Amino acid sequence: MLDITLIRENPDLVAEKLARRGFEINFDEFLSRDRVRRDLIYRTEQLKAEKNKTSAAIPLMKREGQDTTAVMARMKAIGEEIKDGDEQLAAIEKQQQEFLDVLPNLPADDVVAGGKENNQVVRTVGTVPVFDFPSQHHVDLAERLELIDYTRGAKLGGSGFWIYRGDGARLEWALLNFFVEQHLRDGYEMILPPHILNWQCGYTAGQFPKFKDDVYQLRADQVENGFTHFMLPTAETALVNLHRDEMLEESSLPFKYFAYTPCYRREAGSYRAEERGMIRGHQFNKIELFQYTLPEHSEKALEELVDKAAGLVELLGLHFRVSKLAAGDCSASMAKTYDIEIWIPSMNDYKEVSSASSAGDYQARRGNMRFRRKATGRMEFVHTLNASGLATSRILPAILEQNQQADGSVVIPEVLRKWMDGRATLNSLG
RNA sequence: GGAGAAGUACCCAAGUUGGCCGAAGGGGGCAGUUUGCUAAACUGUUAGUGGGGGCAACUCCAGCGAGGGUUCAAAUCCCUCCUUCUCCGCCA
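One point on numbering: in my numbering, the residue at position 390 of the first sequence is 808, and numbering is uninterrupted.
Hint data in this document are derived by calculation from the structure and do not stem from the laboratory.
Hints may contain errors.
Below are the SDA-like pairs computed for lysine to any residue, each with C-alpha atoms no more than 25 Å apart in a straight line [unchecked claim]:
#, residue 1, residue 2
1, K471, K501
2, K674, F799
3, K628, G578
4, K512, K573
With beta-carbon atoms standing in for the labels, derived distance ranges [what the hints assert, rightly or not]:
#, residue 1, residue 2, range
5, E505, A793, 40 to 50 Å
6, H715, I422, 51 to 61 Å
7, T545, L636, 18 to 28 Å
8, E516, S553, 45 to 55 Å
Please read all numbers here as calculations on a predicted model, not as lab measurements.
C-beta atoms are modelled at their ideal positions from N, C-alpha and C, and glycine is treated no differently.
All chains, full assembly: derive it from the sequences and hints.
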């Protein structure tokens with residue numbers, strides 16, 4: 419949610435910033451409705467004030483035995499007028515709210531305009547691995563090593579689902595253990611949230627109403643929005659709601675959390691042949707980092723999150739790069755985003771394994787999450803930030819493909835070996 | 001799943017024959033008196049918030065879990081929903 423006062427006072431600036439992310443908007447109608455709205459408020463509140471006064475006078479008149487018929491008739495009329503005004507007001511406010519609900523966040527000042535093509539690589543770690551043998555696709559490696567069962571996954575859940583089995587399941591779990599260990603060491607609090615969330619959670623995150631069809635919706639009863647609950651598409655959706663409607667203590671910030679959850683996504687119509695395997699599924703495991711900070715600390719917090727996520731990939735010994743996204747490539751809620759992209763040899767390309775973003779106060783406004791500033795005594799919105807740390811479904815293919823050997827075995831990253839019986843490689847059974 | 005009870009300000013809690021109740025009282029907080037310091041006692045003080053109007057002092061509106069309704073008037077009556085608690089059943 420954007421600051422309505424900012425739109426009111428500086429609509430051109432807001433429109434210009436939104437244009438940088440390719441979002442064209444004109445505030446004229448919104449602003450004229452805003453004036454109508456305020457006139458209406460003024461009028462009905464005058465009437466309400468009269469009503470309150472008269473209402474207090476009636477019992478006194480009665481006590482003195484005066485005739486109240488005329489007053490009551492007037493009250494009845496005022497009541498009708500107020501009701502009428504309130505209805506008009508509600509209609510206008512609903513329109514205004516719907517307008518505001520779908521406006522994306524303003525990009526941060528240091529985020530370049532334009533789309534994907536303007537993303538800038540800010541850091542590259544390691545080098546593209548070169549194989550002196552015909553390298554294999556992770557699907558072939560995973561099947562040959564009996565790590566992943568794609569066929570039975572499809573049998574159980576349909577296309578886009580897979581089953582981790584044996585060493586594959588253990589490797590997946592080792593990754594999660596490794597991440598948990600690192601985040602605990604850095605002082606982040608571990609959270610295991612519900613995987614089924616209510617509508618408001620999606621709203622606060624900034625995913626609803628615009629992207630409500632990207633999630634698995636549950637209980638499609640007759641309710642206004644079509645459904646009441648949904649499967650979380652990322653733990654961010656849960657973590658950003660932890661402090662919804664709360665007034666936080668300035669001195670207790672920042673809050674640093676991480677959560678492990680599977681992520682459930684419909685990915686409707688997003689099938690791409692080159693993404694076969696585990697690159698894009700309907701369910702994948704992810705550990706999510708999240709911070710609530712004071713506004714003046716969010717910039718530094720974002721750097722911390724990027725460094726943490728990048729540090730994990732680095733410890734795994736994998737080749738990756740960090741990109742700073744252009745305004746148009748950031749998700750709607752975010753003011754600034756860095757992507758950590760890992761090298762997938764079979765795709766001859768980098769794929770996102772972590773997205774670290776600052777939402778500024780955008781989500782805090784939607785979820786009403788504030789703190790009282792000691793120095794001024796005023797309420798302010800907190801800033802929220804999130805980063806994957808990390809999504810395993812793309813790490814595992816990268817490990818398989820980047821670490822494959824001529825004999826079809828795969829070297830297990832050193833940091834994971836303690837969860838793999840100390841083994842250094844995954845070998846084919848047959 | 002069945003049957004009951006409850007949701008009032010930072011916390012506890014009064015308030016159902018509707019009308020000076022936006023709300024008694026207590027605790028806590030804050031300020032002060034007493035005191036060498038602390039404790040205790042005593043005095044005073046304490047909705048926060050959201051939204052209008054005004055240069056401002058200030059003023060008005062909303063708000064007693066949420067949303068509707070009845071009424072001239074709702075914390076109080078009616079309906080729906082949410083949450084919590086107790087008992088029963090079922091179950092990892």
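Measuring from beta carbon to beta carbon, are H715 and I422 in 51 to 61 Å?
violated, 25 Å
Next pair to validate is K471 with K501; report whether the Cα-Cα distance is within 25 Å.
holds, 18 Å
Against the 25 Å threshold, does the CA-CA distance of K674 and F799 hold or violate the hint?
holds, 17 Å
Given a hinted range of 40 to 50 Å, is it respected by the beta-carbon distance of E505 and A793?
43 Å Cβ-Cβ, so the 40 to 50 Å window holds.
When you take the CB atoms of T545 and L636, is the distance between them in 18 to 28 Å?
violated, 46 Å
Just to be careful, I want the Cα atoms of K512 and K573 compared with a cutoff of 25 Å; is the pair within it?
Answer violated: K512 to K573 is near 45 Å, above 25 Å.
Given the hint that K628 pairs with G578, does the C-alpha gap stay at or below 25 Å?
It holds: about 24 Å lies between the C-alpha atoms, which stays within 25 Å.
Could you say whether the range 45 to 55 Å given as a hint is met by the Cβ separation of E516 and S553?
Distance hint for E516, S553 holds at roughly 51 Å.
Checked against the numbered hints given earlier, this structure breaks hints 4, 6, 7; the rest are met.
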